[in-house]
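Given the sequences, and given the hints that come with them, work out the whole structure.
The lines below spell out each chain.
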Amino acid sequence: MIPRTDYHIERFTLANGLRVVLNRDASVPLVGVAVVYDVGVRSEPPGRTGFAHLFEHLMFQGSANLEKLAHFRYVQGAGGTFNGSTHLDYTDYFQTVPSNALERMMFLEADRMGAPLLTEENLRNQIDVVKEEIRVNVLNRPYGGFPWLKLPPVLFDTFPNAHDGYGSFADLEAATVEDATEFFQRFYASGNAVLSIAGDFDTDEAQTLVEKHFGAIPARPAAARSLFAEPDPTNANHTDYVDQLAPAPAVAAAWRVPDPIGQFGQYLACVVLAEVLTDGEASRLVRRLVRKERMVSSVGGYLGFMGDPFDVRHPTALVLQAYLNPDESAEEVLNVIDEELTRLAMDGLTNSELTRISNRIATNLLRSTDAVISRAVRMGVLELQRANPGLINDLPQLIGAVTVEDVQSAAALFPPHSRASIAVRPQISR
Amino acid sequence: MRRLPDLAPSRPLRILPQAERILSNGLTVIAIARRTVPLVELRLHMPFAGDDLAVGSVLTQTLFAGSDKRSIGEIATELQTVGGTLGASLDPDRLQISGNCLFSGLDRMLELLAEVLNSAAYPLTEVARERERLAERIRIARSQPSFLARAALHRQIYGTHPYAIPTPDAAKVREVHVDQLRRLHAKRVRPHGATLVLVGDFDPDHAVDAAVRRLSSWSGRGPAGILPPTPPLIPGPLTLVDRPNAVQSSLRMALPAATRDSPDNAPLQLANLIFGGYFPSRWVENIRETMGYAYSPHSSIEHNPAGSLMLLTAEMATEVTAPVLVETLYELGRLATIPPRKEELEQARQYALGSLLLGMSTQAGIAGLAIKFAGSGLRLPYLREHAQRLTDATVDDVHRAAATYMAPTQAVSLVLGASTRVQDDLAKIVPVAPIPL
Numbered sequence: 368m369i370p371r372t373d374y375h376i377e378r379f380t381l382a383n384g385l386r387v388v389l390n391r392d393a394s395v396p397l398v399g400v401a402v403v404y405d406v407g408v409r410s411e412p413p414g415r416t417g418f419a420h421l422f423e424h425l426m427f428q429g430s431a432n433l434e435k436l437a438h439f440r441y442v443q444g445a446g447g448t449f450n451g452s453t454h455l456d457y458t459d460y461f462q463t464v465p466s467n468a469l470e471r472m473m474f475l476e477a478d479r480m481g482a483p484l485l486t487e488e489n490l491r492n493q494i495d496v497v498k499e500e501i502r503v504n505v506l507n508r509p510y511g512g513f514p515w516l517k518l519p520p521v522l523f524d525t526f527p528n529a530h531d532g533y534g535s536f537a538d539l540e541a542a543t544v545e546d547a548t549e550f551f552q553r554f555y556a557s558g559n560a561v562l563s564i565a566g567d568f569d570t571d572e573a574q575t576l577v578e579k580h581f582g583a584i585p586a587r588p589a590a591a592r593s594l595f596a597e598p599d600p601t602n603a604n605h606t607d608y609v610d611q612l613a614p615a616p617a618v619a620a621a622w623r624v625p626d627p628i629g630q631f632g633q634y635l636a637c638v639v640l641a642e643v644l645t646d647g648e649a650s651r652l653v654r655r656l657v658r659k660e661r662m663v664s665s666v667g668g669y670l671g672f673m674g675d676p677f678d679v680r681h682p683t684a685l686v687l688q689a690y691l692n693p694d695e696s697a698e699e700v701l702n703v704i705d706e707e708l709t710r711l712a713m714d715g716l717t718n719s720e721l722t723r724i725s726n727r728i729a730t731n732l733l734r735s736t737d738a739v740i741s742r743a744v745r746m747g748v749l750e751l752q753r754a755n756p757g758l759i760n761d762l763p764q765l766i767g768a769v770t771v772e773d774v775q776s777a778a779a780l781f782p783p784h785s786r787a788s789i790a791v792r793p794q795i796s797r
Numbered sequence: 003m004r005r006l007p008d009l010a011p012s013r014p015l016r017i018l019p020q021a022e023r024i025l026s027n028g029l030t031v032i033a034i035a036r037r038t039v040p041l042v043e044l045r046l047h048m049p050f051a052g053d054d055l056a057v058g059s060v061l062t063q064t065l066f067a068g069s070d071k072r073s074i075g076e077i078a079t080e081l082q083t084v085g086g087t088l089g090a091s092l093d094p095d096r097l098q099i100s101g102n103c104l105f106s107g108l109d110r111m112l113e114l115l116a117e118v119l120n121s122a123a124y125p126l127t128e129v130a131r132e133r134e135r136l137a138e139r140i141r142i143a144r145s146q147p148s149f150l151a152r153a154a155l156h157r158q159i160y161g162t163h164p165y166a167i168p169t170p171d172a173a174k175v176r177e178v179h180v181d182q183l184r185r186l187h188a189k190r191v192r193p194h195g196a197t198l199v200l201v202g203d204f205d206p207d208h209a210v211d212a213a214v215r216r217l218s219s220w221s222g223r224g225p226a227g228i229l230p231p232t233p234p235l236i237p238g239p240l241t242l243v244d245r246p247n248a249v250q251s252s253l254r255m256a257l258p259a260a261t262r263d264s265p266d267n268a269p270l271q272l273a274n275l276i277f278g279g280y281f282p283s284r285w286v287e288n289i290r291e292t293m294g295y296a297y298s299p300h301s302s303i304e305h306n307p308a309g310s311l312m313l314l315t316a317e318m319a320t321e322v323t324a325p326v327l328v329e330t331l332y333e334l335g336r337l338a339t340i341p342p343r344k345e346e347l348e349q350a351r352q353y354a355l356g357s358l359l360l361g362m363s364t365q366a367g368i369a370g371l372a373i374k375f376a377g378s379g380l381r382l383p384y385l386r387e388h389a390q391r392l393t394d395a396t397v398d399d400v401h402r403a404a405a406t407y408m409a410p411t412q413a414v415s416l417v418l419g420a421s422t423r424v425q426d427d428l429a430k431i432v433p434v435a436p437i438p439l
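For the record, the sequence lines run as chains R and G.
Position in the first sequence (from 1) plus 367 gives the number in my numbering.
Position in the second sequence (from 1) plus 2 gives the number in my numbering.
Just so you know, not all the hints are guaranteed correct.
Said to hold, decoys possible - Not the full set, but computed from the structure, chain R residues with beta-carbon under 10 angstroms of chain G:
1) 369
2) 436
3) 443
4) 446
5) 728
It is worth saying that the hints were derived from the structure and are not from the lab.
Yeah, the Cβ is synthetic: ideal placement off N, Cα and C, and Gly gets one too.
Spelled out as structure tokens, the structure:
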């Protein structure tokens, strides 16, 4: 029942260590060009919280042959769009452009991979911009940082896993050009990156252009990658905090999950479990918490603090979050979640429940790769973390192969005594 | 020194294979083939002009809450079985249903859609719960500064026009009754004048056939009619809406804009881009990349059926609120009085043309465009004509459009923020009228 895509994928590695993934798709007159670096929030040093993201901003501030603002002008002046984003385990830079601008995009990405322009003036300007970004997304809105910045320190003990990836203003302001240069040297090596291109191009010609623009970048090996594993929690851990802007309470819970790469089979069962619990009106927790008990106005569940289960390494988490109706208790909601997990672990689910959930996950996965740039980024991350960009074609059917027994076993992995949780309390109770 | 590569010759906009039919019940069906991912996107547009937004909003949340055959859980279950989902949304102009499913599930999704259109039951318990949920969501939305700023601006610029209140009051939502929902359904959820768009991995004629099979039994005629045109903008003092202790201020400015069918539309679109409509624009380069005042300032043109306008949006730290206003007035005034440089226009033009390609590059993007256009009586080939107008616009055309529409004296301006900290400085620049939240 679940269909399969058949994206044709070419992989090769340049002499300087840069890995390259190509997916030719002539159905749109566009190309998506992504560069993914193996560095993210978890790699930033103590005292420099938020630095990976700040550095992402600096990569748009010019490079050896491009002045400040040139990147934006050349991408959008070719009819395209661009962005970058910083994740726990990687940072991506990406452009979608009409296909006649392919070579220009390669030039831009190669230029900053070779030598970004790291100046004091640009650093100070982008610290200001990032502080505005944090004000918009965290400080000036209700539920800012809930739960993606607030929950990791409750679930994890070590700095890489627990700290605030947006950064404190003090740490951001303390950043220096020297820090940036060092960060670039260590993490932005050709051997630590993947170039991924999807869309309308001639594969031979693209290979030649990749060699022409990226081949000359001096080889720097990837820095030895840190492992961020830490022991699983042995006790439940709960905190709550007041959000002065929030009009109603909220609660989120997280548990550690199997290694997304080393224990992929078990991990996939957890991906399915999250949707069994929360996807749609017929899901377990919507039925129970929203419709039967009327305790919450909405509930959601997913793997990984940033919502994408297939772009994160070990250790990561199952996250469930709910916005409570006024006067409802976070503790009661957590109890119901525990009951539903126990029920799934004891009684399992039917094949038809599993099938419809798998079909819905498959639709969402397929839908998320329709845009050439989303596909390029996904393939790039799969190459970076798993050396297997072709997994993009297999994922929907692999989800479909998860069995009721797998999901039942997965449900048993999340008992109350290894749960981390946070509750948001509104300033004024009604 | 490496040299920037030239662009290769560009490829033309391709219009995808499509089929269109008007059913005997008055429903227009448009099917567009884009056979990339094995999925189908669905959009259904029904006119709503002039009806009650509170009742309509509860209707969107309960339309799929039960039929004469199935409960809310059974409808959701049946849809998921084909990988599908359906949901409804509302604005003052139209009621819209959106959904998607695996390509093999199109017929089943249409069957379930027809069942709900013909026999939505609005069960009392589901309605009672969903109106509370919606009221709670509205209450949460009202704590977002972006929502508050937009609501305050709409009240000011639209006055008594229905666009003034795009989101109903939570209290009114709580009062909606089942009878009102059934009456509104009978009046508005009707095929005559509605448009169904399907985009996906199919033969478009087959998709239209499937829609004819499943939706021909849907019947009835809703009131035609569109909303009256929006009132002209009336410039005045800057409205300062107090949000005590806010760490950031929200600036909103509305300017007049040419409608989609006006010859000024393409030149004004380019003028907007040059001003603040994309990243390498004057406003963004100034207040973000040079001054570091704001993270994502943006200006855009909104084409709504009852009128068009240009909207400037920026969030900035409380202490730089007045400086942002200074730079904004400067950049608007500069573009309204001095012609843009030729290179600026070429860059904006390429971006506008590229955006047409990007907008047509996914099933969901195509479905969204096609249904929006259908609401204004347009079809996707309109984009080809629009591309030609973008290509033909000269520096003079763009200058004239900027001079006509973008003079800061024509703006309606609003700041939401901590009044006690921003009012004195703002009042040094423009007259300020403070109001409470």
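When the structure is checked against the list of hints, which entries are broken? Sort them ascending. none
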